[in-house]
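Student: Sequential numbering of the sequence shown, starting at 1, is according to my numbering.
Calculated directly from the structure, the hints in this document are not laboratory data.
Predicted model, so just to flag it, every value in this text is computed and none were measured.
Even for Gly, the Cβ is constructed at its ideal location relative to N, Cα and C.
Hints are supplied without guarantee of correctness; some may be wrong.
So the derived label-pair ranges between C-beta atoms look like this [as the list claims (entries may be wrong)]:
| id | residue 1 | residue 2 | range |
| --- | --- | --- | --- |
| 1 | V100 | G307 | 40 to 50 Å |
| 2 | D83 | T115 | 39 to 49 Å |
| 3 | K341 | S99 | 48 to 58 Å |
| 4 | D124 | V241 | 46 to 56 Å |
| 5 | T80 | Q227 | 41 to 51 Å |
| 6 | L289 | E198 | 28 to 38 Å |
| 7 | S233 | S266 | 40 to 50 Å |
| 8 | L289 | H160 | 22 to 32 Å |
| 9 | S182 | E230 | 53 to 63 Å |
| 10 | H160 | D83 | 40 to 50 Å |
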Amino acid sequence: MSSTSQKNAIARRVVFPFTAIVGQEEMKLALILNVIDPKVGGVMIMGDRGTGKSTTIRALADLLPEIPVVADDPFNSHPTDPDVMGDEARQKLEQGEISVAQMKVPMVDLPLGATEDRVCGTIDIEKALSEGVKAFEPGLLAKANRGILYVDEVNLLDDHLVDVLLDSAASGWNTVEREGISIRHPARFVLVGSGNPEEGELRPQLLDRFGMHAEIRTVREPALRVQIVEQRSDFDQNPPVFLEKYQQQQQELQQRIIQAQELLPSVNMEYDYRVKISEVCSELDVDGLRGDIVSNRAAKALTAFEGRNEVTIDDIRRVISLCLRHRLRKDPLESIDTGYKVEKTFCRVFGVELPEDAANVNGTGQKVGAARS
């Protein structure tokens, strides 16, 4: 990053650097894997208040490289890929009138009280009838296309709106219909939801639609807590100096993500491993095939992130709990399984030894030896 672009970035907005975030490795890994392969299906982050959920997600969006878009396009349309292009951009492409601009990966916050019109967009029926044009006012789904859509307190959001978000995230398109007039635009985004289990659980059908589930807890270790408080204080006192300190790490991680995205199509997983993943899902009585698909995708994304072409058993082990634990049938009085049941089944099916500390929990509330970024 040049000094000029760095100054511009600081003038635009100051965001806590992703590589400076202490702990919460499970959440960071799940977010990175979804950025490498958005088809993993998003992340549901459940945990205590004040554990840096929003900070981490904003930091990741800020870390990502700029993307090429059609200039002045309300949907952040891709200049060459028709699958992530609005109708107007597609027409411009056919006529050879495309002008390209660069923009930061969009990060859209969905307010808790948002209406369906605010989320999906609205059609001005009067203008459409009087002038014969499809007068469309884009909503948050349009702004989030090719970016990250973050829903805090998703468990308090109206179920109907959650359905709309999940449908768009799965199909990659948003359709708005009013009085016989229909508008369709691309809406491909990484859906990130967060919530506090104390404020109510999500319905199992909705929980199942999130690709991965990261559980975070308040850091208990005093030394780590002091480190987090001091870092935040240093950042608030002098953001440019703090950003400069982490600039190299930020660039290195950004480069790893770019290389992983390029490497992903060539990553291979042995047939035997794919069968065993499905065997784990079957033994755990996971409904549907989403668990199988997401586990495959996440393992490949992790392999690409580490710069390799062949998925290993360890890659699968590091992601399978994140992909399956929220899909398990459970007693209504239980909270979501921490992943021990998934890990135990994984070890039996794959014929590997269950670590003695698999059921232990460390100071950050995560399993010892769990996913690392």
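Student: All hints are to be evaluated individually against the structure, with a verdict given for each.
Tutor: So, going through the hints one by one against the coordinates:
1. Checked against the given bound of 40 to 50 Å, the beta carbons of V100 and G307, roughly 30 Å apart, lie outside it.
2. For the pair D83 and T115, the supplied restraint of 39 to 49 Å is violated, since their beta-carbon distance comes to about 28 Å.
3. Distance hint check for K341 and S99: the Cβ-Cβ separation is about 54 Å, which falls inside the suggested range of 48 to 58 Å.
4. About 49 Å separates the C-beta atoms of D124 and V241, a value consistent with the hinted range of 46 to 56 Å.
5. Range check, T80 to Q227: Cβ separation about 45 Å, and the 41 to 51 Å hint holds.
6. For the hinted restraint 28 to 38 Å between L289 and E198, the CB-CB distance of approximately 32 Å keeps it satisfied.
7. Range check, S233 to S266: Cβ separation about 44 Å, and the 40 to 50 Å hint holds.
8. In this structure the hint that L289 and H160 lie 22 to 32 Å apart at CB holds, the actual value being about 25 Å.
9. Restraint check, S182 to E230: a C-beta distance of roughly 54 Å satisfies the suggested window 53 to 63 Å.
10. Under the hint 40 to 50 Å, the C-beta atoms of H160 and D83, about 27 Å apart, miss the expected range.
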